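Enquirer: One letter stands for each residue in the lines below.
Protein chains: 2
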Amino acid sequence: MAEPLRRRLPLLSLLLLAAGGLRAAERSGGSSSSAMEELATEKEAEESHRQDSVSLLTFILLLTLTILTIWLFKHRRVRFLHETGLAMIYGLIVGVILRYGTPSTSGHDKPFSCSQEDRPFTTLLVNVSGKFFEYTLKGEISPGKIHNVEQNDMLRKVTFDPEVFFNILLPPIIFHAGYSLKKRHFFRNLGSILAYAFLGTAVSCFIIGNLMYGVVKLMKLVGQLSDKFYYTDCLLFGAIISATDPVTVLAIFNELHADVDLYALLFGESVLNDAVAIVLSSSIVAYQPTGENTHAFDAAAFFKSVGVFLGIFSGSFMMGAVTGVVTALVTKFTKLHCFPLLETALFFLMSWSTFLLAEACGFTGVVAVLFCGITQAHYTYNNLSVESRSRTKQLFEVLHFLAENFIFSYMGLALFTFQKHIFSPVFIIGAFVAIFLGRAAHIYPLSFLLNLGRRHKISWSFQHMMMFSGLRGAMAFALAIRDTATYSHQMMFSTTLLIVFFTVWIVGGGTTPMLSWLNIRVGVDPDQDPPPTNDSFQVLQGDGQDSARRNRTKQESAWLFRLWYSFDHNYLKPILTHSGPPLTTTLPSWCGLIARCLTSPQVYDNQEQLREEDSDFILNDGDLTVTYGDTTITANGSSGPHTATTNLDSRRTKSSSEEALERDLGAADHEVTSRGTRLVFPLEYNA
Amino acid sequence: MAEPLRRRLPLLSLLLLAAGGLRAAERSGGSSSSAMEELATEKEAEESHRQDSVSLLTFILLLTLTILTIWLFKHRRVRFLHETGLAMIYGLIVGVILRYGTPSTSGHDKPFSCSQEDRPFTTLLVNVSGKFFEYTLKGEISPGKIHNVEQNDMLRKVTFDPEVFFNILLPPIIFHAGYSLKKRHFFRNLGSILAYAFLGTAVSCFIIGNLMYGVVKLMKLVGQLSDKFYYTDCLLFGAIISATDPVTVLAIFNELHADVDLYALLFGESVLNDAVAIVLSSSIVAYQPTGENTHAFDAAAFFKSVGVFLGIFSGSFMMGAVTGVVTALVTKFTKLHCFPLLETALFFLMSWSTFLLAEACGFTGVVAVLFCGITQAHYTYNNLSVESRSRTKQLFEVLHFLAENFIFSYMGLALFTFQKHIFSPVFIIGAFVAIFLGRAAHIYPLSFLLNLGRRHKISWSFQHMMMFSGLRGAMAFALAIRDTATYSHQMMFSTTLLIVFFTVWIVGGGTTPMLSWLNIRVGVDPDQDPPPTNDSFQVLQGDGQDSARRNRTKQESAWLFRLWYSFDHNYLKPILTHSGPPLTTTLPSWCGLIARCLTSPQVYDNQEQLREEDSDFILNDGDLTVTYGDTTITANGSSGPHTATTNLDSRRTKSSSEEALERDLGAADHEVTSRGTRLVFPLEYNA
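Just so you know, the sequences run in chain order A and B. Under the working numbering, think of the first position of the first sequence as 1, with each following residue one higher. Under the working numbering, think of the first position of the second sequence as 1, with each following residue one higher.
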C-alpha cells in the first residue's frame with residue numbers, strides 16, 4: 001500500500017541542483033544514431049528542468065514576500081501574527097492558486113507495464129528498439145492508484161520528498177536551537193527542563209495515544225472509519241504531536257523581554273522534546289511484534305522498543321557530544337582563531353559531520369545535531385575568535401530563519417497541494433481535546449512535583465503560560481509527513497496540519513494578551529538578573545550577607561547538577577577551553593604531565609585578551625551564581641588575584657567538590673562586589 | 001553512446017538530503033502482504049543511505065583535513081602550496097585508496113531486461129508478482145557497457161552528477177567573485193579587462209581549437225585515435241580550457257599585497273572569462289548543422305551559434321542586473337536595514353533567485369549570478385546596514401571557500417575514481433603546447449593594442465605575469481565533466497584534469513619566485529593609491545596642479561567609460577542607493593515629481609550616518625579619481641559645502657556630461673585637499 005509520493009524527489013532533486021541534472025541529456029557531438037530522438041528527450045529534460053526552476057522560484061518569491069511583510073509588521077510593531085504564521089498564510093494562498101488555478105494535466109508519458117516474476121530489482125535495463133536504457137526503482141504503487149500516478153504535474157512539482165525536512169531543513173533549525181540555548185538560565189533550570197522534556201513528552205504521548213484510540217474506537221462504532229487504524233498508529237500520533245514548538249511565543253518573549261526563567265523552561269522543553277519525540281516515534285515504529293498477530297501487545301517487542309529508544313537516544317547524544325568535544329579540542333590546540341574563515345568553515349563542517357556520522361551509525365542525525373549544538377556553545381564557542389563567534393552565530397541564524405520559514409510556508413502549501421488528505425471531523429475534534437488534556441496532564445502534575453524540590457517555585461501563572469504555549473510546529477509536521485502511506489497516517493497528517501495552523505495562528509496571536517492577563521512581567525534584560533527596582537526583590541549586597549546567599553545558592557542547585565557542575569568546571573572546561581582552573585590544580589598530582597599538556601600553551605599567550613573575553617562570556621552566558629568562579633590562567637601560570645585563592649582552596653579541598661563549588665561561589669561574590677556591581681536576588685520569585 | 005554516469009545522482013542525491021530519501025521505505029504500520037519482503041527492501045535502502053552518509057563523510061573529513069593543513073601552512077607561512085592544491089593532493093590520496101583499496105563489487109541487483117518497441121518512457125510501471133513498482137528513466141547505456149553498470153559500488157558512490165558543479169558548487173564561487181570585485185581598480189581597468197575576457201577568450205578558444213585539430217589529425221595519421229574526434233570537439237576543448245582560474249596566484253597576490261592594477265586585470269579577466277567560456281561552450285554545442293553531414297561548416301548553423309552566444313550572454317547579463325537592481329530598490333525603499341537578519345535573508349534569496357530565474361528562462365544561471373554579484377556590490381551593498389554588509393560578505397565567503405575546496409578535492413579524487421579516463425600522451429602534450437600558445441597569442445597582442453590607448457601602460461613584466469598566471473581550475477573542470485559521454489569528451493576530460501593539476505601545483509607554487517623575478521612590487525595597500533615614496537611616482541598636490549591633473553584624468557578615462565560613469569553617477573546611483581547627487585538636480589525639471597519620489601526619504605533621516613558610510617565606501621571601493629564626486633544629500637535636501645557647488649554646476653552644465661564629470665573630479669580634488677590627504681599620481685606607471 002505504499003504511495004509513490006514518498007519516493008519522489010521532484011522539487012527536492014531540483015532544490016539542490018539536480019536543477020539541471022536532468023538536462024545533461026545527450027549532447028555528444030556526434031552520436032551515431034537517432035539524433036532526432038535524443039533531441040526530443042533533451043528537450044523534454046530541459047523543459048522539466050525549467051519547470052523545476054519555476055517551482056523553486058515560487059518558494060523563493062514566497063519567502064521574499066514573507067520577509068517583506070514581516071519587516072512591515074515589525075516596523076509597525078504588529079505582534080498578533082508571527083513570521084511563521086505569515087509564511088503559512090502565503091503558502092496557503094499559493095496552494096489555492098496551484099490547486100484550482102492550474103489545469104489538472106496528467107503525466108506526459110503513459111506508464112508502461114511488463115511483468116516480472118521475482119521481487120523488484122532496484123535497477124532495470126530496458127531494451128528499446130536495440131538501445132538500452134537504465135531505470136531505477138522509485139517505489140511501490142497500490143493497484144488502485146495506478147491511474148493517479150502523475151496526476152497533476154504542477155502539484156507533483158511542488159511536492160517535496162518528506163526526507164528533505166529531516167535531512168536538509170531540520171538540522172540547521174535544531175542546531176541553531178542548541179547553539180543559542182541561553183545557557184545560564186537553561187542550566188539553572190536543567191532539572192525541570194529534563195523532567196518536562198522526557199517525562200512530560202512520554203506522558204503526553206501515552207495519554208494522547210490512548211485518548212485517540214478511544215476516538216478511533218468511537219469512529220469505528222459510528223462507521224466513520226473506512227480503513228484500519230491500529231493502537232500503534234494512535235501511539236505514533238501521540239509521539240508526533242507531542243513535539244511542541246513555541247516559536248511564535250518565544251519570539252514574542254524575546255521581543256518583550258519576558259521572564260527569563262519562563263523563557264528557559266519553555267525553550268529548553270521545546271528543544272529537548274523535539275529530540276524525545278523523534279526517538280519516541282522511531283521506537284514506536286520499531287515496535288513490530290513477531291508472528292502473525294502484529295498488533296497485539298508483545299512484551300518482547302515492547303522491551304525491544306524501549307531498548308531502541310534508549311539506544312538511539314544515547315547513541316545520538318554521544319555522537320553529538322563527541323564531535324562537539326573534538327571541535328573544541330581542535331580549536332583549542334590550534335591557532336586557527338587567527339583565520340576566522342578557516343575556523344568558521346571547520347566549525348560548519350564538524351557540525352555537519354555530526355549529522356552524517358549519526359546517520360551512518362544508524363542513530364538519529366537531528367538529535368545528534370542538537371547535542372552537538374549544545375556542546376559547541378558550551379565549549380567550542382569559548383575558543384573561537386571574536387569574529388568567528390559572530391560569524392557562526394549569524395550563519396546558523398540565517399540558515400535557521402530560511403529553513404523555518406520554508407517549512408511553514410510549505411505547510412500552508414501542503415494543505416492544498418497534498419493530494420491524499422483525509423479530514424475526519426471526529427478525529428480532528430478528538431485530537432484537539434487530546435492534545436489539550438495531554439499537555440495539562442503533564443504540565444500541572446509535573447510542576448507540582450518539581451515545585452516540591454525547587455526553590456524558585458514554578459508559579460501558577462507560569463504553569464498556565466506553559467500550558468498555553470503548547471504550540472505544534474515544524475517538528476510535528478516533519479514527523480507526520482514522513483510516512484503518509486496508509487489511511488491512518490494520512491488522517492494523522494491532515495489532523496497535524498490543522499493543529500499546527502490553529503496553534504500557530506490562535507495561540508501565537510494570543511500570546512501578548514495572555515502575558516498581561518497572567519501578570520507575567522516583561523521588560524527583563526535576559527542577560528541580567530531581575531532589576532533592583534522591582535518590588536518583589538530585595539537587594540542583597542556586601543560581604544555580610546555572603547554566607548546566607550551562599551547557602552541559598554547551594555540549596556538551589558540539585559545534587560545532580562552540582563555533581564555535573566564540579567566535573568564540568570574542574571575537568572571538562574579546563575581541558576576543552578581556555579577557561580577554568582588549571583588542570584594541574586584539579587587533577588591528582590600523578591597526572592601532572594598530562595595536566596600540563598592539556599592546559600594549553602596558548603593560554604599564556606592570550607591571557608590579556610582571554611581574560612577579557614572570558615569574563616564577558618561568563619557575565620553574559622554563564623550562570624552568574626554558579627559559573628562565576630571560572631578563572632583564566634595568567635602568564636606566569638597562576639591565576640588572577642581573586643581567583644588565585646580559590647584555586648589554592650580548591651586544590652586543598654578538592655576531595656569535596658561541594659566545598660570547592662561553595663568556595664568558587666564565594667570567590668564569585670568577592671569578584672562581583674569588587675567590581676562594584678550591585679547584585680540583587682529574588683526573595684519571593686513572583687509577585 | 002550516452003553513458004549512465006551523467007544521469008546518476010548518487011552522492012548528490014545524498015549530498016542534499018536524499019540522505020535518507022531512500023530510507024523512506026515501507027514503514028506502514030500494517031501493510032497487507034509480504035511484510036518480510038518489504039523489510040528486506042527497507043534494510044537495503046537503509047544500508048544504501050548509510051553508505052551515502054559514509055561517502056559524504058569522507059569528503060567532509062577530507063575538507064577538514066585540508067583546513068587544518070592550510071592552517072599549519074599559513075601558520076608557518078608556507079607559500080609554495082595553496083589550499084586548492086592541497087585539497088587536490090588529499091583528494092588524490094583518498095582516490096587511490098578508494099580505487100585500489102576497496103573490493104570491486106558489482107551492483108547488488110542484476111539488471112533485468114525486457115524489450116519495448118517505441119522510444120523509452122520516462123516512467124515505467126513493472127508488475128512483480130501482482131504488485132506494481134514504479135521506475136524512472138536514468139539514461140541510455142551503450143550496449144558495450146551493459147556489464148559495467150554498477151561496476152564498483154564504492155567508486156559509484158563517490159561520483160557526483162556533473163550538474164552538481166553547475167547548480168550547487170559554482171554559483172556561490174562565481175557570486176562571491178562578482179560580489180568581491182575590487183571595484184575601484186576593476187572599473188579603472190574595465191576596458192582592458194573586457195578586451196582580455198571577450199576577445200582574449202575567443203582568440204584563445206579558436207587557436208587552441210585549431211591547434212588541437214592539428215594534433216588530432218596527427219594522431220589519426222599515426223593511428224593513436226580509436227574513435228571519432230570532430231572539429232567541433234576541438235573547438236569545445238578550446239572553450240573549456242580557455243576559462244582561467246588563477247585562484248592560487250590571486251591568493252598570493254592578496255597575501256603579499258601585490259600591485260593592485262595587475263590584481264584587477266587578472267581577477268577581472270578570470271571572473272569574466274569564466275562567463276565567456278560557459279556561454280562559448282554552449283554555443284559550440286548548439287552548433288548543429290542540419291542535414292546528414294553534421295560536421296562540415298554550415299554558415300546558417302554558425303550564425304545561429306553566434307546568435308545563441310549573444311542571446312544567452314545578454315539574457316543572463318540582464319537577469320543578473322535586473323535582480324540586482326530589484327534588490328537595491330527593495331533595500332533602499334524599506335527600512336529593512338533595521339533588521340539585519342531579514343536583510344541578509346532577503347539578499348541571499350534574491351541572489352539565489354537570479355540563478356533560478358535565468359535557468360527558468362533558458363539562460364545560464366552561473367553567468368547571471370556573476371552579474372548579479374557585481375550589481376549587488378555596486379548598488380545594494382551601499383544600502384545594507386553595516387551588520388548585513390559583513391554578514392553577506394562572510395556568508396558568501398564561507399560558501400565560496402567550502403565549494404572551491406570541495407571541487408578541488410573532488411578533482412583529485414576523480415583522477416582515480418572516474419572510470420572512463422583516456423590518457424593520450426600525444427593529445428596531452430599537444431594540449432599543453434596549445435594552451436601555452438593560445439594564452440601567448442591573446443595576452444601579448446592584446447596588451448600591445450591596449451597599450452596604444454592606455455595611459456597606464458601594461459608593462460612587459462605585467463604581461464609576462466599574466467601569461468604565467470593562466471591557471472585552469474574549477475570552471476574548466478566543471479565544463480569538461482559536464483559531458484563525458486563520447487570518446488572525444490573523455491579524452492578531453494582526462495587532459496583537462498591533468499592541465500588543472502599541473503597549473504595549480506607548478507604555476508601556483510612558482511608565483512612568489514616569478515613575482516620577484518619579474519620585479520613586480522608587493523606590499524601595496526590595495527585600498528590606497530601607490531605610496532608616495534615610490535621613485536616612479538611624482539606627488540601632485542595643491543590647487544595649482546589641479547587643471548593638469550584633471551586633463552590627465554579626462555584622458556585616462558575612455559569615452560565609453562566616461563559615458564557609463566556619468567549615467568551611473570547621475571541617474572543609477574541616485575535611484576538605487578542613498579548616494580550621488582539628488583535626482584532633482586540631474587533629471588530634467590519636468591521629471592520633478594518622479595525625481596522627488598525616487599530620492600528616498602530615508603536619505604534625510606540617515607544623512608549623518610550615510611555621509612560617513614558613503615564616503616568610506618567611496619574611499620575604499622570607488623575609483624578615487626572618477627567616483628569621488630558622489631555626494632550625499634544633507635537633511636535640508638541640499639548637499640555638503642564642497643559638493644553643493646558641484647551639484648549646482650552640474651545642473652547648469654548638465655547638457656555636457658563630460659564637463660560635469662570634469663567638475664566632479666574638480667570637486668573631488670577640493671574635497672581631498674580639504675581633508676588634508678596627500679594624493680599622488682603615477683607619472684610613469686612602471687619603473
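Think of the hints as simulated: they come from the structure by calculation, not from any bench. Computed from a predicted structure; not experimentally measured. Accuracy of the hints is not assured; some may be wrong.
Same chains, same label: a pair holds when it works inside one copy or across any pair of copies.
When the alpha-carbon atoms are kept at most 30 Å apart in a straight line, the in silico DSSO-like pairs for lysine-lysine are as follows [stated by the list, open to error]:
#	residue 1	residue 2
1	Lys220	Lys420
2	Lys74	Lys393
3	Lys304	Lys420
4	Lys393	Lys420
5	Lys335	Lys74
6	Lys335	Lys393
7	Lys304	Lys228
8	Lys304	Lys43
9	Lys228	Lys420
10	Lys220	Lys43
Enquirer: Evaluate each hint against the coordinates.
Expert: We went through each hint and held it up to the structure:
1. Lys220 - Lys420: This pair counts as within: shortest intra-copy Cα distance 21 Å, inter-copy 61 Å.
2. Lys74 - Lys393: both (22 Å within a copy, 25 Å between copies)
3. Lys304 - Lys420: Classified as neither; 33 Å inside a copy, 48 Å across copies.
4. Lys393 - Lys420: neither (40 Å within a copy, 44 Å between copies)
5. Lys335 - Lys74: Classified as between; 10 Å across copies, 41 Å inside a copy.
6. Lys335 - Lys393: The answer is both: 20 Å in one copy and 23 Å across copies each meet 30 Å.
7. Lys304 - Lys228: within (24 Å within a copy, 62 Å between copies)
8. Lys304 - Lys43: between (53 Å within a copy, 18 Å between copies)
9. Lys228 - Lys420: within (16 Å within a copy, 52 Å between copies)
10. Lys220 - Lys43: neither (52 Å within a copy, 34 Å between copies)
Violated hints, listed in ascending order, are 3, 4, 10; each of the other numbered hints is respected by the structure.
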